[in-house]
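Chains as they are written, first to last, in the numbering used here: chain A, 9 to 175; chain B, 595 to 773.
Calculated from the structure, these hints are not laboratory results.
Be aware that a few hints might be false.
[Said to hold, decoys possible] Subject to a maximum C-alpha distance of 20 angstroms in a straight line, what follows is the list of computed EDC-like cross-link-like pairs (lysine to aspartate or glutamate):
id, chain 1, residue 1, chain 2, residue 2
1, B, 632, A, 121
2, B, 695, A, 89
3, B, 695, A, 100
4, B, 700, A, 121
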Amino acid sequence: MNRPAARDSVHSAALALLLAGALGAFPCLGEAAPEAAAGAQAVDANGQLEDHALQSRFERITLELRCLVCQNESIADSNADLAVDLRRQVREMLVAGQSDDAIFAFMTDRYGEFVRFRPPLEPKTLLIWGAPFIMLLLGGAIIFRVVRHRARMPVDDEAASGPDILK
Amino acid sequence: MWKFLLPFAAFVALAVLFAFGLNPQRDIHALPSPLIGKPAPAFTLTDAMDPTHSVSSGTYQGQVYVLNVWGTWCAACREEHEALLAISRTHVVPIVGLVWKDDRDKAVQWLTQLGNPYQAVALDGDGRTAIDWGVYGAPETYLVDAQGRVIYKFISPITQQVWETEFLPRIAAARRSGA
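Excised from the complex, chain A in its bound form:
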C-alpha cells in the first residue's frame, strides 16, 4: 500500500538534488557584482586616484578580475603580490586613458578568460550561463510531473500519511 509514497520520495529526492544544483549555480552569476562587494578592499600604498570617476572605475574593474594566486578572491580584495602588481597595472592603464574593454582584453590576453569573474556570453560559455536555467526547467518539469501524478492518485489515507519529505 505504501508503494506510491515510496516512489514519490524517490522523486522528491531527485527534485531536491536538482533544486539544490540550480540554487547553487545561481550565486555564480552575481559573484563579481559590484553591489555585492561589501568586503574590505586591499589598500595600496599609493592611495586613491584623485579623479573620482577613475577611482570608481578602478574599484569596479579590480572587483571583476580574479586573483590567480588565491583563485576565489578578486584582485581588489587580495593582498597577494600578484594582485598588487595587477592593481598597479589597472591603475596605470586607467590613468593612461585606456577603456575598460582594453583593460579586460589586456588581462584575458595574458591570463585567459578565467581571470574574469563574469565571462562574456559566447558559444563556449553558453553552458555556464545556461546551466541555472536548464536546472530550473528540469526541476520544474519534475515538479509538474509529481504534482500531476498526485492529482490523479486516489485519496488514500495510509499513503498520504507515509513518509514524504515534500510535506
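Following the hints, put chain B in place on chain A, whose structure we already have.
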C-alpha cells in the same frame, strides 16, 4: 520504468562528474595559458649576473629556448633547481631565467651557492614582464620555438621525468617543423 532509470542516470552523471572533478592527478590551480601558439612577449631586462648588460628575448629569435620563472623567495624553485642543473648540462636548449620580483643580490647569491643552470638571467624586479607572460606563480617554465612562439607552459617544479615526457618531444617536433 524511466522512474527508476532517472535516479540511476543522475547517479551515473554525478559519478562521472566526480571522477573528473575529484581526480587527485588533476591540479585544479593549473590554468591553461592563452599564450600557447602566440608570439612570446618581448622583453629587455637587466642581466642579473652582470648589470651592465641586458637580456633580451630578441637574442633567442631563431632558436628553441626555455624560459624558467623563479625567485629566491620560492621554495618550490629550490626544489626544481637540481633538475634544472641536470637539464642544463645536457645542452639541448638554452635555458633563460626570469627572476621574478626579487633582489639582484639575492639572485646572484642563490646561483653562486646552488649553481647556475641559466644561459642568461633576466631580472624582472617589478614583475611587469611576468604579467606579460601571464605568470601567476613560481616556478613556471615556458617553451618557445624558433619562430618565437610559445608552444608549451609547465606550472610547478620541473623534474627529470617532466622534462623527458613533456619537453623533449615538443623540442624535437619544433625543430623538425621549424628547420
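*What hint numbers does the structure not satisfy?*
As far as the earlier hints go, only 4 is violated by this structure.
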